[in-house]
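Whole structure, please, built from the sequences with the hints as guidance.
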Amino acid sequence: MAKLKGADCEPDPAAWYLDEFGKEPDYGELLDAVARTPDERQALLRNYFEPSDEEREEGAKMPTKAHRAIAKLVSGGYIRLIVTTNFDRLMERALEDEGIAPVVVSGPDQLAGLPPLAHLGCCVVKVHGDYLDTRIRNTPAELAHYSPEMNRFLDRVFDEFGLVVCGWSADWDVALRACIERAPSRRYSMYWGFKGSLGSAAQGLMKLRSGIALPIDSADSFFDQLQTNVQSIEDFSKPHPLSKGIAVASAKRFLSDPVHRIRLSDLIENLGRDLAARLTVGPFADTSTAFTGESLIKRVKTYESMASTLISVAATCGRWGDAQVARLLRGTLERVYASRKRDGLVAWLAFQNYPATLIAYATLLGASLSDNVVAISGIFNGSARLNNDDLTFAVVFPPACFLEDPQGWGRLLNGMDRRYAPVNDWMQNTLWDALGDQFVSKEDFERHFDWVEMLLALACHRRRGASEYGDWFPPGSFGHRTRGREAVATRIGASLDSDGNDSPYVASGLFGRTVDECKTELEGLEAFSRKLGWGW
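Mapping the sequence shown onto UniProt numbering, position 134 (from 1) lands on 134, and the numbers just tick up by one.
Bear in mind the hints are in silico, worked out from the structure with no lab data behind them.
Below, computed lysine to any residue pairings styled on SDA-like, alpha-carbon distance capped at 25 Å:
{"no.": "1", "residue 1": "K301", "residue 2": "G408"}
{"no.": "2", "residue 1": "K244", "residue 2": "L369"}
{"no.": "3", "residue 1": "K531", "residue 2": "D425"}
{"no.": "4", "residue 1": "K442", "residue 2": "G415"}
{"no.": "5", "residue 1": "K301", "residue 2": "R273"}
{"no.": "6", "residue 1": "K65", "residue 2": "T84"}
{"no.": "7", "residue 1": "K244", "residue 2": "Q438"}
{"no.": "8", "residue 1": "K61", "residue 2": "G167"}
{"no.": "9", "residue 1": "K61", "residue 2": "I216"}
{"no.": "10", "residue 1": "K65", "residue 2": "R93"}
{"no.": "11", "residue 1": "K23", "residue 2": "A33"}
{"no.": "12", "residue 1": "K195", "residue 2": "L143"}
{"no.": "13", "residue 1": "K65", "residue 2": "K195"}
{"no.": "14", "residue 1": "K65", "residue 2": "I216"}
{"no.": "15", "residue 1": "K244", "residue 2": "S441"}
{"no.": "16", "residue 1": "K519", "residue 2": "S495"}
{"no.": "17", "residue 1": "K65", "residue 2": "D53"}
{"no.": "18", "residue 1": "K23", "residue 2": "E142"}
{"no.": "19", "residue 1": "K301", "residue 2": "Q438"}
{"no.": "20", "residue 1": "K519", "residue 2": "G493"}
{"no.": "21", "residue 1": "K244", "residue 2": "Q324"}
{"no.": "22", "residue 1": "K207", "residue 2": "S185"}
{"no.": "23", "residue 1": "K65", "residue 2": "M190"}
{"no.": "24", "residue 1": "K298", "residue 2": "A347"}
{"no.": "25", "residue 1": "K531", "residue 2": "R418"}
{"no.": "26", "residue 1": "K519", "residue 2": "D502"}
{"no.": "27", "residue 1": "K301", "residue 2": "Q407"}
{"no.": "28", "residue 1": "K65", "residue 2": "S52"}
{"no.": "29", "residue 1": "K65", "residue 2": "V124"}
{"no.": "30", "residue 1": "K531", "residue 2": "D516"}
{"no.": "31", "residue 1": "K298", "residue 2": "G436"}
{"no.": "32", "residue 1": "K301", "residue 2": "V346"}
{"no.": "33", "residue 1": "K519", "residue 2": "A507"}
{"no.": "34", "residue 1": "K207", "residue 2": "E160"}
{"no.": "35", "residue 1": "K61", "residue 2": "V164"}
{"no.": "36", "residue 1": "K252", "residue 2": "S265"}
{"no.": "37", "residue 1": "K519", "residue 2": "V395"}
{"no.": "38", "residue 1": "K23", "residue 2": "A35"}
Written out as structure tokens, the structure is:
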């Protein structure tokens, strides 16, 4: 415009325009003034979109961080539809760099053969056209109305999808604004990233759709951070890359031949190292967040998911491993236990023990299947420096030991509100889901589970002795299962009677070094359990 008037608009063309015409420069009006027809406008704008060789080397007119972050979110399945008022092809280029071939809609004629939204994959909707198409919409008159076909399509989009808005003022695109205004649904949220302040049109849309305003520094930083955060949550939530089936098969192969003991050591140590690292990061490592039933269930289930591979491997090692394998498992448990934080809400600090307890229970369940208690006893014998405390694992793992309010907290778990040992019962269900196929029946599994808990209770009492609570054993699900408790006591007693001091229970030293000592502990547990009644 300045050249047409023979004027010098530098150093501030916008200020010159304001001074010359008495108003701020408007893109649509300006373009209409210098290029009257759609074909002329397309020819004029083309050079603004296509980089020269020099510009390509400089990275100009190429996809930005924002485009590439959006493409990564599409690749991850988080975004399926992109509605843009831009004419350029930067979004398509970024998607192609991610190996994605999007369906591109830049005019109403392309809507006729479009697959249903559920089968689109990725779709880029260029509501104002593509710069290579002379039908691009630029002027206020062109932006005031869309074709009936495009209106119907956008009505579906804004009804069926949530919106993340960025870089759009809503001031000039009258037809697009009208599509959003008439969308009947509020089923999904609207988020609006903006710099500075939102205009009146944007504020109206936000109010209409109960949108959430997000002040941002730039589109690049906004989408880059969004993609980073989503990736972090995805990495935190996904299971260990070594599947349970492969890990268990590898453990069995390594256990079968001493030649593979180094590989078994690497397998167990890597699983433990990975779990310990994941327990210290992410939203579920926060020990200061509000403690509610919902948050407890989420965290417990996350712990279970994170530890699932190691649980299965531990059960395999407990069943077939020897003392050397027990030392490997003990080292892994020490690593996992040492990842605990020391400050925060008491309840969250207590539940940090939960993953290690699941692994210990799984190990003992495996040992119960093959009477491998002597080999595995090394996990529980001796003391360890755990977070600057000299403790034995036998007094660390039972839920009644690490939870200050096991019934109150545990009853917040789904279906556990009336249980006498809610955390123990929850663990039984969890481990049945993980390991149940190794047992004859659910009743058979329950007997083995009671054996695990009673063995831990005996070992714990042996190391703690009398306390301020008197002669105390950590209660478990066995406390309200008289028949199961009696069956386990009979199993242990039969071994003590038939094998004497050669009994694996004596040889393990878990709760006595002689038959008499073991029987005394067993009688003490039975007497304590009878006192519990049905209301501990």
